[in-house]
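Make the complex out of the two chains shown on their own, each in a separate frame, by following the hints.
Protein sequences appear in the order of chains A and B. Here the working numbering is used: the first residue of the first sequence is 29, the next is one more, and so on. Here the working numbering is used: the first residue of the second sequence is 149, the next is one more, and so on.
There's no promise every hint is true.
Claimed, not checked - Derived SDA-like pairs (lysine to any residue); straight-line CA-CA distance at most 20 Å:
id, chain 1, residue 1, chain 2, residue 2
1, A, Lys45, A, His90
2, A, Lys83, B, Pro281
3, A, Lys136, B, Tyr200
4, B, Lys342, B, Lys285
5, B, Lys199, A, Glu183
6, A, Lys120, B, Lys227
7, A, Lys231, A, Phe219
8, B, Lys227, A, Glu124
9, A, Lys182, B, Phe320
10, A, Lys45, A, Lys120
11, B, Lys275, B, Thr361
12, A, Lys143, B, His257
No lab work stands behind these hints: they were computed from the structure.
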Amino acid sequence: GVSQATEEKKNMSPVYKFTYFHGRGIGEVARQLFFLSDTPFEDVRLVGEEWMKIKDQSPWGHLPWLEIDGKVLCQSFAIARYLAIQFGFVGKTPFESAMVDALGDQYKDYWNDMKPFFMPMYRQNMEGMKEEFEKKKKDVGEPARDKFYGILTKEYKKNGSNGHMVGDSLTWIDLVVVDHMGVMDHYVPGFLDGFEEMRDLQKKVNANPKLAEWIKKRPHTPQ
Amino acid sequence: PVSTLAMPSYKLSEFDTRGLAEVSRQLFILSGTPYEDNRISKDQWPALKEKYGFGELPVLEVDGKQIPQSLAIARYLAKEFGFYGANAFEAAWIDALADQAKDFISDIHPYFAIAMGMVAGDTDKAKAEIALPAIKKHFDLFEKVAKDNGSNSHFVGSNFSYFDILISEFVFSIDSFLPGSFDAFPTVLAVRAKVTSIPAIKEWIEKRPKTVT
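This is chain B alone, in the form it adopts within the complex (with noise of 0.2 Å):
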């Protein structure tokens, strides 16, 4: 047996929301790994800023030893967990879709500025010119991913990887917003539907605290 004294203790930082440490929380879920889901609240967030390397949440404690940067955490806890795809190219793959997951954000980020009241502007006219093709730029190619891969409800090799988990919540948050976006690619719908079907994932999805993004 394995002494759980062996197993480093793991604390993940972040404000009350999901965003792309959600990612990390689901690795932990997934991986039946205890962590403490550390929520900071934005009142309390100038006192510890200090605190974090980068200045910026969410940052992982491993042991105490901080790893910053959203991304950064997933890639480190996915390895450790074995959600890195089975190869080293496999890894890069899934590397390079969450990076061009990164991209898909920096893409639409303007109309949920405009649509979560952030930034003046007209919601219609934003969802027009900016969200729809940026989903159509990027989905077009994810659901092509998924597809050349198999149609194995995966988008890189045969197992669950971290970014099945990154496209599952970004599916969630969007159609929120903008119901039936993600209609057209029936693919990426299938990846999500396998994610949530996992027991674990699915309860904590019922019991996680619920927050707009």
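The shape of chain A in the complex, shown without the other chains (with noise of 0.2 Å):
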């Protein structure tokens, strides 16, 4: 009947549907929050000029964007938090996610002050833009970084170098964090040498074997 019908579509998973670029960005920490959950999801990626040609009717704006039985819901990392409490990777207790809330917002501040570099990191390979890349690297590169994984390591080592920056689980800013590291490591190598606690956390989270089967199979862009 009727009743049994409503239970049904209580009881039954949202649909999901992301849409985002192409690559990996700051949208990849969604993508990967559905795989470890073996949550299915519609994963969106635009090309070319597909941004470009529906900005205007997008709901914010700008991407990523996430339906949820069609509901919309902006903004990178609300968007992560929300399915990170959905699937269960925000620590613990409260204070946990105040502090994988804490190091993400850390994160964001860190990509601002690393603008001016990310530019010239993605061209530095193209006719001229060596001398604009290596000026950007010490001038902006190297103290946002300096400053950045320099609380990170603090804050890795005060938690116990256990493989996870807050309490003893995975939770989303690992995720963060680790894939970031991975985009570094690919256009400017050697950049996060010296800093063994990161190393420690990106060998113990890319070794969770879930993630692994992912970064396996998805879709390879070099951010």
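This is the structure:
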């Protein structure tokens, strides 16, 4: 009857559709959370001119956005936090969740500090870009790196260097930090050498079998 | 009755400024929760910096355990005190709006750097080319969100959230530099009016230390 159908609908998993660029960037953490929790999702990747064509009609004018049974949610870290709460990747206490959040916000500050370096970094092999790349690496990249990875190192040690930034379980900030380390390793090999604790985190997180499986099968993009 | 001994002790450390820490101050006030409003002077800071895990303010101490980053603090307190929406989806929307507000701060920051004399530049030019476009871009969205929520003087759901407080403060700060900037956003202004009409908040605004930001 009607009430049985309503019960069944309530118990059905939501339908997830995630729209982002064809790349990892700030969207990858959401994809990883879906895969790690065995949650099916539609992985929409916009290429070429597709984004510019729909930008003005998009919910908030930027990517990514998530649809949950058709209801829209924007902003990469709001999405990551929402999914992490659903699937159990936010730590075990409100205090731990707050520390995960704080590290996420610190990552965003680091991202803003690094912005003037990213473009020359992506373009370093283009004609005439080498000098700009080296200059921005020294003036922008290295100070931003030292500040952020200094904080991460301190927190990781405080947490017992146990393969997690917070508590003793995998959280969304572990995924964000380690994915980004992979991007920096690709574009600036050696940039993160010397941050031994971060290499330890990277090794241990990447050893997660489900994550390793995703990394093997996901579409391959440099960032 | 609830014993106050069961309540954690809260200490919020920040410079003598409102900023995003002010959201948390108002969450304490709205919830009637005692806290230490620890304001640190610029002179004291170099000696204290080492004490704080991320080397920055604000920091919340909950029974001595530190939580840094203003929005992480606000989210933690909003959850504790019930200003975080009625469910996980509403909470995520509140978070998304707060992140959007941070994007707005990034976009408008160069104007404030010039207007406050931190960086050389033409204030009028910065107003026209940086501030007003940033306000339009982000507040068109905030106005729409408030309207889509039913013009009930809340951005999300049917109760106060930490984002209502955040926007109320943003409008106050920016209006002092650029009066009338928000006249085009009446639904946003209605949220601010509702927040500031709460007696405890009204009283706090009247008696709090007066700072530029």
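Verification of the hints:
1. Our distance criterion of 20 Å between C-alpha atoms is met by lysine 45 of chain A and histidine 90 of chain A, whose separation comes to about 16 Å.
2. With a C-alpha separation of about 18 Å, the suggested pair lysine 83 of chain A and proline 281 of chain B falls inside the 20 Å cut-off, and the hint holds.
3. Pair hint lysine 136 of chain A plus tyrosine 200 of chain B holds up; C-alpha atoms about 19 Å apart against a cutoff of 20 Å.
4. Using a Cα cut-off of 20 Å, the hinted pair lysine 342 of chain B and lysine 285 of chain B is violated, with the two alpha carbons roughly 24 Å apart.
5. A hinted pair counts as satisfied when its Cα atoms are at most 20 Å apart, and lysine 199 of chain B with glutamate 183 of chain A qualifies at roughly 13 Å.
6. For a cut-off of 20 Å, the pair hint linking lysine 120 of chain A to lysine 227 of chain B stands: about 15 Å separates their Cα positions.
7. Note on lysine 231 of chain A and phenylalanine 219 of chain A: the hinted pairing holds, with a Cα-Cα distance of about 16 Å set against a maximum of 20 Å.
8. With a C-alpha separation of about 13 Å, the suggested pair lysine 227 of chain B and glutamate 124 of chain A falls inside the 20 Å cut-off, and the hint holds.
9. With a C-alpha separation of about 37 Å, the suggested pairing of lysine 182 of chain A with phenylalanine 320 of chain B is violated against the 20 Å cut-off.
10. At most 20 Å may separate the alpha-carbon atoms for a hinted pair to count; lysine 45 of chain A and lysine 120 of chain A exceed this at roughly 27 Å.
11. Between lysine 275 of chain B and threonine 361 of chain B the alpha-carbon distance is near 17 Å, which keeps this suggested pair within the 20 Å criterion.
12. Using a Cα cut-off of 20 Å, the hinted pair lysine 143 of chain A and histidine 257 of chain B holds, with the two alpha carbons roughly 15 Å apart.
Figure legend: structure checked against the earlier numbered hints; hints not met, in rising order: 4, 9 and 10.
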